[in-house]
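Trainee: Chain residues, written in single-letter form:
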Amino acid sequence: MIEREVKILNNAGLHTRPAATLVKLASKYKCDFYMYTDGMKINGKSIIGVMTLAAEKGSTIILEFEGNDEKEAAEEIIGYFERGFDEL
Amino acid sequence: MKIDKKSIAQKESISVEFFYNNTKKLFNMKLLTPPEIGMTKQIREPNLHRPGLALAGFVDLFTYNRVQLIGNTENRYCNKLSEEKRFSTLQKLLTFDIPCFVITNGNQPCQELIDLAIERDIAVFQMSSNSTKSAYFISDFLEDQFSKRITIHGSFVDVYGVGILIVGKSGIGKSEVALDLVERGHRLVADDIVIFTKKGENILIGAGTDLIKHSMEIRGIGILDVERMFGVRSIRFQKRLEVVIELEVWDEKEVYTRTGLDKMEVIIDDVKILYVKLPIFPGKNITVIAETIAMNYLLKHYGFDAAEELQNRLHNKIRDKQQKGERIVNYFEHDFE
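Protein sequences, first through last, are from chains A and B. Going by the working numbering, the first sequence opens with residue 1, and the numbers climb by one from there. Going by the working numbering, the second sequence opens with residue 1001, and the numbers climb by one from there.
Since the hints were derived computationally from the structure, they do not count as laboratory data. There's no promise every hint is true.
Below, computed lysine-lysine pairings styled on DSS-like, alpha-carbon distance capped at 25 Å [said to hold, decoys possible]:
hint	chain 1	residue 1	chain 2	residue 2
1	A	K24	A	K71
2	B	K1253	A	K57
3	B	K1263	A	K28
4	B	K1006	A	K71
5	B	K1198	A	K24
6	A	K7	B	K1263
7	B	K1024	B	K1169
8	A	K30	B	K1213
9	B	K1041	A	K7
10	B	K1213	B	K1198
11	A	K24	B	K1213
12	B	K1169	A	K71
13	A	K57	B	K1213
Everything numeric in this text was worked out from a predicted model, so none of it was measured.
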């Protein structure tokens, strides 16, 4: 299991477009992908779930990957967070 | 199905402002102090306290950090005291960091209480109902606010009045089953993110989130609004959880129940919920099975258990050494149809 804390860097926060991209990226992999914040556990492969987070700039989210291809999934998804959803 | 600690949230405190805004209409709560007084104070406990003994001077065990309920007794006691004594008693009481006061029975508290409360930045409310009822209303509200909130990934539908939560891996078709159920006249509570709160000792109530409401995502279509599409009859805001159905891809090695005599349960926040593991494969209509599970649940609730009933007949047959393999109708006279 890989667990990492990430920060939302872009101004608009985790809005619809990055949420959709995130779900698409996660769905490529077989491993389970969960996101945690404020006592909410969200399945990272569900668009509704990711949108529920309504994460604003500066907020932190814990990502959790578990499964055979967790390394690859974590690398790509954490990279996407670190690039500020390509909106920086 | 596993629920880990990370999916549980619990409020540590609520502000008096939040308390007032949410209860003023509900409980006909009136604010006796100016609106800016005491609103930022925090309530940290769901319990209430009646400060009778504290007023009488015994403050060794004064649970001052609770909402203080002033009933007829406390009010009359205050009014009976001499002006001097009343002031000193209340002054002593208000040295404690009290979150707020609630005066019941629509009583008007003595002016000293209001004045001192304003000075100490404590809000004073008035309720028209009697103390027992007021205490019940307030503690029920606070209990709900301070109870754990568990988020579960799944679809929550009211099927024939039975709250069924469908869980399973992402992409297995939970939303599709929920949509199918809605199409057949059942009511969606929430899709994808369901928040469960314990009510009383063994009831879990689930609801959706204020952002998502009754939206759902269907792969290949995108986001839909169920309320707009199917109308108000297709939704509800809250429902008691009664059955959890876990969908999973058919696994040859897995053992699935065949008789229904061995009931499985899942425990969520110490509440036992009936649990059904359902394998899916082509040609299996999960929607109809979900309806069947609901009806079977209702039958059991009203005292009929098909599996037990058949088991009893079998036992009787064996015990009485009855003829085996007899037809249900002994003698087919004629077929006139």
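Trainee: Each hint: holds or not?
Mentor: Taking the hints in turn, this is what the structure says about them:
1. A:K24 <-> A:K71: 17 Å, holds
2. B:K1253 <-> A:K57: 47 Å, violated
3. B:K1263 <-> A:K28: Measuring from Cα to Cα gives roughly 36 Å; hence the hint is violated.
4. B:K1006 <-> A:K71: 22 Å, holds
5. B:K1198 <-> A:K24: The hint is violated at about 34 Å.
6. A:K7 <-> B:K1263: Status violated; Cα separation ~44 Å.
7. B:K1024 <-> B:K1169: Distance of about 43 Å is beyond 25 Å: violated.
8. A:K30 <-> B:K1213: 29 Å, violated
9. B:K1041 <-> A:K7: Given pair B:K1041, A:K7 is violated - Cα atoms ~31 Å apart, limit 25 Å.
10. B:K1213 <-> B:K1198: The hint holds at about 20 Å.
11. A:K24 <-> B:K1213: 23 Å, holds
12. B:K1169 <-> A:K71: 20 Å, holds
13. A:K57 <-> B:K1213: 24 Å, holds
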